[in-house]
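Using the sequences and the accompanying hints, generate a full structural model.
Number of protein chains: 2
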Amino acid sequence: MTYCVGMRLESGLLFASDTRTNAGVDHIATFRKMHAFALPGERLVVLLAAGNLATTQSVVSLLRARSTGDGPSLLSVRSLYEAAELVGAPLREVIARDAGSDGMNQGIDFGGSFIVGGQIRGEAPRLFNVYPQGNFIEASEDTPYFQIGEAKYGKPIIDRVVHYRTPLAEAAKCTLISFDSTIRSNLSVDLPIDLLQYRPDSFAAAEPYRISADNPYFNQIRTAWGSGLRQVFAGLPDADWL
Amino acid sequence: MTYCVGMRLESGLLFASDTRTNAGVDHIATFRKMHAFALPGERLVVLLAAGNLATTQSVVSLLRARSTGDGPSLLSVRSLYEAAELVGAPLREVIARDAGSDGMNQGIDFGGSFIVGGQIRGEAPRLFNVYPQGNFIEASEDTPYFQIGEAKYGKPIIDRVVHYRTPLAEAAKCTLISFDSTIRSNLSVDLPIDLLQYRPDSFAAAEPYRISADNPYFNQIRTAWGSGLRQVFAGLPDADWL
Numbered sequence: 001m002t003y004c005v006g007m008r009l010e011s012g013l014l015f016a017s018d019t020r021t022n023a024g025v026d027h028i029a030t031f032r033k034m035h036a037f038a039l040p041g042e043r044l045v046v047l048l049a050a051g052n053l054a055t056t057q058s059v060v061s062l063l064r065a066r067s068t069g070d071g072p073s074l075l076s077v078r079s080l081y082e083a084a085e086l087v088g089a090p091l092r093e094v095i096a097r098d099a100g101s102d103g104m105n106q107g108i109d110f111g112g113s114f115i116v117g118g119q120i121r122g123e124a125p126r127l128f129n130v131y132p133q134g135n136f137i138e139a140s141e142d143t144p145y146f147q148i149g150e151a152k153y154g155k156p157i158i159d160r161v162v163h164y165r166t167p168l169a170e171a172a173k174c175t176l177i178s179f180d181s182t183i184r185s186n187l188s189v190d191l192p193i194d195l196l197q198y199r200p201d202s203f204a205a206a207e208p209y210r211i212s213a214d215n216p217y218f219n220q221i222r223t224a225w226g227s228g229l230r231q232v233f234a235g236l237p238d239a240d241w242l
Numbered sequence: 243m244t245y246c247v248g249m250r251l252e253s254g255l256l257f258a259s260d261t262r263t264n265a266g267v268d269h270i271a272t273f274r275k276m277h278a279f280a281l282p283g284e285r286l287v288v289l290l291a292a293g294n295l296a297t298t299q300s301v302v303s304l305l306r307a308r309s310t311g312d313g314p315s316l317l318s319v320r321s322l323y324e325a326a327e328l329v330g331a332p333l334r335e336v337i338a339r340d341a342g343s344d345g346m347n348q349g350i351d352f353g354g355s356f357i358v359g360g361q362i363r364g365e366a367p368r369l370f371n372v373y374p375q376g377n378f379i380e381a382s383e384d385t386p387y388f389q390i391g392e393a394k395y396g397k398p399i400i401d402r403v404v405h406y407r408t409p410l411a412e413a414a415k416c417t418l419i420s421f422d423s424t425i426r427s428n429l430s431v432d433l434p435i436d437l438l439q440y441r442p443d444s445f446a447a448a449e450p451y452r453i454s455a456d457n458p459y460f461n462q463i464r465t466a467w468g469s470g471l472r473q474v475f476a477g478l479p480d481a482d483w484l
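Heads up: the sequence lines are chains A and B, in that order.
Under the numbering used here, read the first sequence as residues 1 to 242, first letter to last.
Under the numbering used here, read the second sequence as residues 243 to 484, first letter to last.
It should be emphasised that the hints constitute simulated quantities derived from the structure, not laboratory data.
Each hint should be verified, as a subset may be incorrect.
As the list claims (entries may be wrong) - Okay, the calculated beta carbon distance ranges per label pair:
| id | chain 1 | residue 1 | chain 2 | residue 2 | range |
| --- | --- | --- | --- | --- | --- |
| 1 | A | S140 | B | Y323 | 49 to 59 Å |
| 2 | B | G342 | A | D201 | 49 to 59 Å |
| 3 | A | R230 | B | R274 | 30 to 40 Å |
| 4 | B | D456 | A | D98 | 50 to 60 Å |
| 5 | A | E42 | B | N461 | 45 to 55 Å |
| 6 | B | Q348 | A | R210 | 42 to 52 Å |
Stated by the list, open to error - Anything over 10 Å on all C-beta distances counts as not near chain B; from chain A, calculated:
| id | residue |
| --- | --- |
| 7 | T21 |
| 8 | L53 |
| 9 | A65 |
| 10 | Q106 |
| 11 | P200 |
| 12 | A205 |
| 13 | N219 |
Being a predicted model, the structure only gives us computed values, none of them experimental.
Cβ coordinates follow ideal geometry from the N, Cα and C atoms, glycine included.
If you want it as structure tokens, here you go:
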């Protein structure tokens, strides 16, 4: 599986993805699930991928190949909305090619999904969640974040902390804690984590920052968070009246 | 959906279940998912049910009907292992009757699963997780708890806090916090919560305690937990070096 988070906040965009892939439990590997299409000074489009690795890799390969041609591509579309459309189309194509129309074959789920976000000059930053069916929804001030993959373990802490006006550094901290909770409870999500922040109107080709098991900041907050939680928990009255 | 937790600790057994059922989002109701079969002084067998409500209700009805007859029943079996077997059999029957052998029909999942725990005189307390296929696993000192239904949101806090030697009152507190996280992040799990504690060798026909939205203890710990989490979070250094 996978865990990816994308946020569109007042202070900017945040993208995070783990790197573990597995087919069953005995074929485990590390793959980057964050893919950037950048024209510095003009646009940055970031894709986060979850689901069947063969499907999502094919989609990214097709998008890369098309971005060097004359047709519409992630480097030429004029809005993030069109970028989300461009991701949805090959997603449908690849699933239909590999699995048939229902997305399942021999009990295998060929589905995949993407978070697509970034900024194209002329627009504000935007963020989309592209479903396996190729349709998509856009983040709003009310719901400024999307998760794909193993989303449930790490959802409660984001729900408690993050809103549209959360500063980017605080959102990154919360996202890393959300990853920590997920990694502790689910074998199919693991380090390293790729993290990318984007400040509005910077149009910079930001490189994702890779957080490995020896990252001092990540280790500091995961340790402090764990002991802080246990302290808060210990401070609550026990249910000894039951 | 549903959220149920069963724990078998050194200090005793703990059972908790929510009461929300839904068919789609527009048919929401409140049903008890905790069912006790008791012979005071001799045995207590507790069932927690998740999955298709028609399936799990049928299973409980069949088990109740059979417990008044001459055949093997939850009131007559000599071990919790046999109790788990007795729950698995009608589960397979009902799913096959209503859905056919694969458990699916018209896109509907007819599956259900149970946590079965308790104590029968002559044995220590035991706890089983019965799958929709009718097979089951037993809790151990290494893995002293099971969850069924919407288990993922509330798993991280239990993973961090509960182990075999956790006192019952502390485990109850942790379980309620786990329910709070789940309820906040998932519409299909809601109050009231039924909670039942069982002390080893008491053989008491304990009544589940119902925790509603106006329960002072639950409201106290959910408020204190929320503000404690935010405090711990605020105390962690921001990722402003990114």
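Taking 42 to 52 Å as the stated bounds, is the beta-carbon spacing between B:Q348 and A:R210 within them? At roughly 47 Å between Cβ atoms, A:R210 and B:Q348 fall inside 42 to 52 Å, so the hint holds.
Status of A:A205, Cβ more than 10 Å from any chain B Cβ: holds (16 Å)
Would A:N219 pass as off the interface with chain B, using Cβ distances and a cut of 10 Å? Holds: least Cβ distance 12 Å, greater than 10 Å.
Can you let me know if the beta-carbon spacing of A:R230 and B:R274 is within 30 to 40 Å? Holds, at about 33 Å.
Is A:T21 truly not at the interface, in the sense that its beta carbon sits beyond 10 Å from all beta carbons of chain B? Check passes; 20 Å lies beyond 10 Å.
Compute the least Cβ-Cβ separation between A:L53 and chain B, then decide whether it is above 10 Å. Its Cβ never comes within 10 Å of chain B, the nearest being 22 Å, so this holds.
Could you check that no beta carbon of chain B comes within 10 Å of the beta carbon of A:P200? Holds, because the least Cβ-Cβ distance between A:P200 and chain B comes to about 16 Å, which exceeds 10 Å.
Determine whether the non-interface label on A:A65 survives the test: each CB of chain B must be over 10 Å from its CB. holds (32 Å)
Is it true that A:E42 and B:N461 lie within 45 to 55 Å of each other by Cβ? holds (53 Å)
Between the beta carbons of B:D456 and A:D98, is the distance compatible with 50 to 60 Å? Holds - the Cβ-Cβ distance for B:D456 and A:D98, about 53 Å, lies within 50 to 60 Å.
Distance restraint hint 49 to 59 Å, applied to the beta-carbon atoms of A:S140 and B:Y323: holds (53 Å)
Status of the stated non-contact between A:Q106 and chain B (beta carbon gap over 10 Å): A:Q106 is indeed farther than 10 Å from all Cβ atoms of chain B, at 15 Å.
Hint compliance for this structure: every hint is met.
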